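Build the complex from these two chains, which are given one at a time in their own frames, with help from the hints.
First to last, the protein sequences are chains A and B. Here the first sequence stands for residues 1 to 101, where the numbers follow UniProt numbering. Here the second sequence stands for residues 1 to 485, where the numbers follow UniProt numbering.
Please keep in mind that the hints were generated in silico from the structure rather than gathered at the bench. Certain hints may be false.
In silico DSSO-like links for lysine-lysine, alpha-carbon gap of 27 Å or less [claimed, not checked]: (1) Lys128(B) - Lys51(A); (2) Lys47(A) - Lys24(A); (3) Lys30(B) - Lys65(B); (4) Lys52(B) - Lys30(B); (5) Lys24(A) - Lys339(B); (6) Lys339(B) - Lys47(A); (7) Lys74(B) - Lys47(A).
Simulated coverage check for chain A against chain B, where a stretch passes if three residues somewhere in it have a Cβ under 8 Å from a Cβ of chain B [as the list claims (entries may be wrong)]: (8) 22–34; (9) 85–98.
If you're wondering where the values come from, they're calculated on a predicted model, not measured in any experiment. Even for Gly, the Cβ is constructed at its ideal location relative to N, Cα and C.
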Amino acid sequence: MAAPLSVDVEFGGGAELLFDGIKKHRVTLPGQEEPWDIRNLLIWIKKNLLKERPELFIQGDSVRPGILVLINDADWELLGELDYQLQDQDSVLFISTLHGG
Amino acid sequence: MCQVGEDYGEPAPGEPPPVPRPSREQKCVKCKEAQPVVVIRAGDAFCRDCFKAFYVHKFRAMLGKNRLIFPGEKVLLAWSGGPSSSSMVWQVLEGLSQDSAKRLRFVAGVIFVDEGAACGQSLEERSKTLAEVKPILQATGFPWHVVALEEVFSLPPSVLWCSAQEPVGSERAYKAAVDSFLQQQHVLGARGGPGPTQGEEQPPQPPLDPRSLARLPAAAQTEALSQLFCSVRTLTAKEELLQTLRTHLILHMARAHGYSKVMTGDSCTRLAIKLMTNLALGRGAFLAWDTGFSDERHGDVVVVRPMRDHTLKEVAFYNRLFSVPSVFTPAVDTKAPEKASIHRLMEAFILRLQTQFPSTVSTVYRTSEKLVKAPRDGPAAGDSSPRCLLCMCALDIDAADSATAFGAQTSSRLSQMQLPIPLTETRTPPGPCCSPGVGRAQGCGQGACRREDPQACIEEQLCYSCRVNMKDLGLGLAGDPGLSD
Numbered sequence: 001m002a003a004p005l006s007v008d009v010e011f012g013g014g015a016e017l018l019f020d021g022i023k024k025h026r027v028t029l030p031g032q033e034e035p036w037d038i039r040n041l042l043i044w045i046k047k048n049l050l051k052e053r054p055e056l057f058i059q060g061d062s063v064r065p066g067i068l069v070l071i072n073d074a075d076w077e078l079l080g081e082l083d084y085q086l087q088d089q090d091s092v093l094f095i096s097t098l099h100g101g
Numbered sequence: 001m002c003q004v005g006e007d008y009g010e011p012a013p014g015e016p017p018p019v020p021r022p023s024r025e026q027k028c029v030k031c032k033e034a035q036p037v038v039v040i041r042a043g044d045a046f047c048r049d050c051f052k053a054f055y056v057h058k059f060r061a062m063l064g065k066n067r068l069i070f071p072g073e074k075v076l077l078a079w080s081g082g083p084s085s086s087s088m089v090w091q092v093l094e095g096l097s098q099d100s101a102k103r104l105r106f107v108a109g110v111i112f113v114d115e116g117a118a119c120g121q122s123l124e125e126r127s128k129t130l131a132e133v134k135p136i137l138q139a140t141g142f143p144w145h146v147v148a149l150e151e152v153f154s155l156p157p158s159v160l161w162c163s164a165q166e167p168v169g170s171e172r173a174y175k176a177a178v179d180s181f182l183q184q185q186h187v188l189g190a191r192g193g194p195g196p197t198q199g200e201e202q203p204p205q206p207p208l209d210p211r212s213l214a215r216l217p218a219a220a221q222t223e224a225l226s227q228l229f230c231s232v233r234t235l236t237a238k239e240e241l242l243q244t245l246r247t248h249l250i251l252h253m254a255r256a257h258g259y260s261k262v263m264t265g266d267s268c269t270r271l272a273i274k275l276m277t278n279l280a281l282g283r284g285a286f287l288a289w290d291t292g293f294s295d296e297r298h299g300d301v302v303v304v305r306p307m308r309d310h311t312l313k314e315v316a317f318y319n320r321l322f323s324v325p326s327v328f329t330p331a332v333d334t335k336a337p338e339k340a341s342i343h344r345l346m347e348a349f350i351l352r353l354q355t356q357f358p359s360t361v362s363t364v365y366r367t368s369e370k371l372v373k374a375p376r377d378g379p380a381a382g383d384s385s386p387r388c389l390l391c392m393c394a395l396d397i398d399a400a401d402s403a404t405a406f407g408a409q410t411s412s413r414l415s416q417m418q419l420p421i422p423l424t425e426t427r428t429p430p431g432p433c434c435s436p437g438v439g440r441a442q443g444c445g446q447g448a449c450r451r452e453d454p455q456a457c458i459e460e461q462l463c464y465s466c467r468v469n470m471k472d473l474g475l476g477l478a479g480d481p482g483l484s485d
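Isolated chain B (complex conformation) (with noise of 0.2 Å):
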């Protein structure tokens, strides 16, 4: 144990030898007769095909594991071209091609977002990567959906509420579920004929929507995203602004479309960087949120991450060495120095931790897998606390509380006016109250906004780091794309 005065200099005498490196000449550490190819963990060889298995099953586990997806339901794959989802998707693919015992039992469409307008590529660029993107969507064979992120500014209000919450199935639900729809398949299998799950699985061509077709948005539209992310003064509040942008948008698609779950190819890696950059930016109190397998803060559809368990390496090394195909786009912060932002700074502190202690991420990983999605004020609470606005989880606010930032900010602006308002009235139930009329300088009349400025208005239904990222958009809140009118 630590004392006062006692020397580190020499290494503590009972301490174990560091464990020898793998080599070429042992032999896999599962079937210990093929040669190793990759090491996993800390010295773990595995040979190509207990690799395969290993990747395979950890990707089944946590979908098995969590029972949150039922047979026969609609699940959206969040696909940026990146290998994580890539290998999502791939993994998706197998599962659900595979003979019936082990097969996956979900219906997968795929969504692309189009992030170019927001990371400065000219047109052609964006052509080109679509040329690229779109063989890939179609080789899948699941219905598929190609957005651009300019399609944001013309998302309706409602995106910023939250649905009611469906109330979570329990064990018992999922089992019954499951049951039912194997006697399904067995009635249907005895029957001879394809059921209408069957039907559902093998979908139908594509839909002709006029956004999956990709036509490059309007001009006008483009001009405006990339005018507003320009005037983001930090790369950090861009990456949070894009991050949020983008889940609105495939969230919208998803209620659109009729899917209830989007799974997104978050890796272990990515998750625990993800962890303490949150942490750096504020929003401690949504880690479960942010980093856990699911995510319900928007109500009817829950957001789920199948490869929490994988990390990047696993990923890169399965990509590799089974052709999984993949689409390189630049983002926002290629190329960005070690310091731009605090992502970058984490991503770095993170990996460069982990190369002289390759327990960091599984350490980091398994302390994210602890933390319990608890409402403020008890469970009764939980639907109707006020929400934040953009990233709409429950507002952690005590604004009584001088203590914290948020009681700061707010008594700071208290003394700022002339008329104290209440701050009972701060609570307002779900449902912006002045979302559709931001720009108009009088405000909404409503509640607590009696004041006259707007940007108070909305900065109260915002939570800490979402208010600390809105002080970095240059433009004010006239530029603010899901405000408008």
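Isolated chain A, as found in the complex (with noise of 0.2 Å):
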């Protein structure tokens, strides 16, 4: 049983694209039964903030290739990608790199 949280959702580097041109999104995540690990996250934001065009962004259960994701300025393979569990004003930052040069 996850209790609700509040974390910043926030994109770069083109993504924000696919969210209506808003880079940072306050979001609350609702208590429910599964954890709030980074795959639950990424269904949440499928279902609740991505406009248009999901295969630009999610890939199977995980991002795109070519999509980083940073928790509180840190890289996510430094804490367990999907399986991190988000914990209460944690910052949650999706850069995506295949744009520009």
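What follows is the structure, given as structure tokens:
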């Protein structure tokens, strides 16, 4: 049973185009049975924030290759990637590296 | 080794166990003290400061080991607003402002090309982008230039001619140049006044060139460019056309303002994708120029790629951790589906492969480092061999050989014509023979172009991949801006 959480979700590098151009979102994740890990956060984002072209952001149950995920300004590879358990006031940043040069 | 009938179902018995995933509990692999923030390559976790040192070192080492940029030389930084080129500009900025022992020794300027018309952006959107771009340019302190892609229509035909190639300086020449520069600095330091090169390093006000004031270009030109790009049938050809036009424009600006080098921000990942894409486009003969550190095909101005050792992940992390300003501008392939162009397909392929095999990009990169630039007919023929009209690479034609793509094209065209034209006359010297008169149906009357078909005349002067791209330009040659009267 996971308690409700308040997290900052931010998009950069062009990923914001899929979210109506809005870079910063302060979201409140409702309490639910399953724990709030990144995997479930992605499902939530796809359902509630993503405005168009889900295949450009999500692939399978993870992000599309080329999109970096930073949790509290640290590489998510150091924190367990999809299995990282979100804490209250965490900040998750998705940067698309596919755009521009 | 592979054998027929061998069963690959089970993992090989002697295989090493998978590399354990790095975690926050580990320490930075370099200083072994601080907490890591980023994972580079497969499993190396760096802390913030070690990552910065690593990143900057790679940039300086890339410039230092290639020894192409001489002290005091004028270098134009091609800035697209994107993360890689922004990072490059930032590195140059920091490098130029360090204390004298480690300071970078060249003189920099920045150019931004407004490609909004080609990407279908409205005037308001373009103005908005420019409003974001200009403060960043001004903050760099370098002389800056903002150029709209529409200016390509006013380029002189001379941009398509390859100027005489400057001889590449030898090792001794580079060392001698550095030594004399340092001596000069020393003498001037002793005298107590700023020398001429010091003055150049602190540039004056940005030039009041009307273009740099970034008035949006004439509506007719915008319309013409927009139409040109809309008429291109495939996204692949569109991207290639955009790249060609952008390159010619930047080089023209470099020549006009006396820059002898242009730096572009192509990263390791991008170059790996570019290498594979170019193979698919039929540019295999030119990979060394397209993806190497230096590209001397234009003769007097050399294109240099100092970011080629940095992956996109490193660039993105650096920009985030150290607040490097960048501007997002949509491109022709923004939000395009995966199979929309060869470029997109190859990008998806490489990046997907990279997630499963983290050494993919670095392997392609290392392979590209081994590519050697050797003119086809030996070193002596290098300068005088005919060049592609659009991409300026030495033509890799073997028109007599029917087994190649060229041979097949040429022989099929010949079979359509009534009069056979001797193939030897296709070897025109550099300097396109019908450049000013393409629009005229009668052709230019020189050499091989007795044909009535100006399209064939042009095509003969293009390399294979440029020919293929040309086919996708719906308007035909009358609409090609670089070749109009």
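Comparing the hints with the structure gives:
1. About 23 Å separates the Cα atoms of Lys128(B) and Lys51(A), which keeps this hinted pair within 27 Å; it holds.
2. Proposed proximity of Lys47(A) and Lys24(A) is supported: the alpha carbons are some 17 Å apart, at most 27 Å.
3. In summary, the hint linking Lys30(B) to Lys65(B) is supported, as the alpha carbons are separated by about 23 Å, within the 27 Å threshold.
4. Taking the CA atoms of Lys52(B) and Lys30(B), the gap is about 12 Å. The hint holds against a cut of 27 Å.
5. Only pairs whose Cα atoms come within 27 Å are accepted, and Lys24(A) paired with Lys339(B) is rejected, the gap being roughly 30 Å.
6. Annotation: proposed proximity of Lys339(B) to Lys47(A) holds, straight-line Cα distance about 25 Å (limit 27 Å).
7. As the CA atoms of Lys74(B) and Lys47(A) are separated by approximately 52 Å, the hinted pair breaks the 27 Å bound.
8. Counting residues of the region 22–34 of chain A whose beta-carbon sits less than 8 Å from any beta-carbon of chain B gives 0, not enough to reach three: the coverage restraint is violated.
9. With a cut-off of 8 Å between beta carbons, the region 85–98 of chain A has 4 residues touching chain B; three or more are needed, and the interface restraint holds.
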